[in-house]
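Residue numbers (our numbering), protein chains in the order written: chain A, 1 to 195; chain B, 196 to 390.
Hints are computed from structural coordinates only; laboratory data are not their basis.
Far from chain A, by Cβ distances over 12 Å, these chain B residues were calculated:
(1) D197
(2) Y217
(3) T235
Not the full set, but computed from the structure, chain B residues with beta-carbon under 10 Å of chain A:
(4) E346
(5) I351
(6) A354
(7) T355
(8) M356
(9) L363
(10) N365
(11) G378
(12) Y384
(13) K385
(14) L388
Even for Gly, the Cβ is constructed at its ideal location relative to N, Cα and C.
2 protein chains.
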Amino acid sequence: MDEKAETRDRILEAAGRRFEHYGYSKTTMSEIASDLKMSTGNLYRFYPSKLDIAEAHALAHECDEDAMMEAVVVSGGSAGTRLREFHRVILEHTFKLIDESKKIFELAQAISRERPAYANRRLAIERVYLVRMLEDGIAEGLFERHESLDELAEMIQCATMKFRYPQLYNCFRIDMLRRELEGTMDLIYKGLLKR
Amino acid sequence: MDEKAETRDRILEAAGRRFEHYGYSKTTMSEIASDLKMSTGNLYRFYPSKLDIAEAHALAHECDEDAMMEAVVVSGGSAGTRLREFHRVILEHTFKLIDESKKIFELAQAISRERPAYANRRLAIERVYLVRMLEDGIAEGLFERHESLDELAEMIQCATMKFRYPQLYNCFRIDMLRRELEGTMDLIYKGLLKR
DNA sequence: ATGATGAACAATCAACAAAATGTTCAGTTT
DNA sequence: AAACTGAACATTTTGTTGATTGTTCATCAT
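All chains should be built: construct the whole structure from the sequences, respecting the hints.
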């Protein structure tokens, strides 16, 4: 690892520490630079903007979410059960963030707002997991075949948007969300079954 | 009709004119009063607040939307076809509002934000139409029976939230929304079919 | 030549005062 | 007594100004 990459990492670490403690908007570039004993201007030799540091931070923490989703996909049980569990886990995770990790949630929202491509990329990654479960379901004779599993996954995402972004609806009742997710997944599940 | 109700109507008319032309937030109570050649304070003898005038205006225009939904429900064709058409018509209507009637859209958003009960009531009314179509589908042997059709309708609403409130996702591509709605309705439709 | 600085620049934010607006109600008019 | 007014009140919005923050870049240091 060369020195430039090392400094990038140090910046990321220092910034991440502040983002998680003070939040994205309350963290200033000059504070980050000061923590690292360098000038504010120097930061821009490593990252084009404050938002790029935020995105890099989010990227560096994707593996946590990916691991979470991967765990569900490779767990035992039928594809149908896993599909439900997948959405349950995502809802619980999102809700936990909203409830307990406000600074991280704030960071995620800032990125989503300013970097729609990032949010879309996350959705695309999630679809990969969905497709894997759909494939499993087809292989075990549970689900109907479909010309494009990626498109099917996209439709599942459209149908579950309310549970992915509950904050957009000012919907902060986890008990209600759970009930609704269960009912919605029932409907989707039946729509996937082999006839 | 007594004189008080007549004045209420006149207020509603004058306010509605301004809401639709200047938007809700740019319309002042003193302007409305001036249009009617009365004092600002007098308005409060007829309506408790500005927001109540807005809500009354929306109420007075519900019949347009209700008629639209009713027309789909009573139109010919199978329940499945009507269900798709219902959601298509709502999406097109919403999109048209966003695109062409910005002031009316702004008014609807102000009410939704401040009067959640109003938005929930609209959803409940919509469910009545959904239930009617579900009943038809069951009667014609197309759809599976269900213990509570109102709950089922609620789940359909959860699954189609993205198309009811596209503005929440900064999603203003009608071609994409149409495609997604079609795919999502496919999935929901299959979930409703009798096995 | 490469790496780093810190002042300048541009944009945004915060504080505050003034203005505007929604609402109330004592007083006036009908 | 009922209907209406318009000033007062409370709240919100707007405009101004100075401070802060993100970013750039000429200059300096290595």
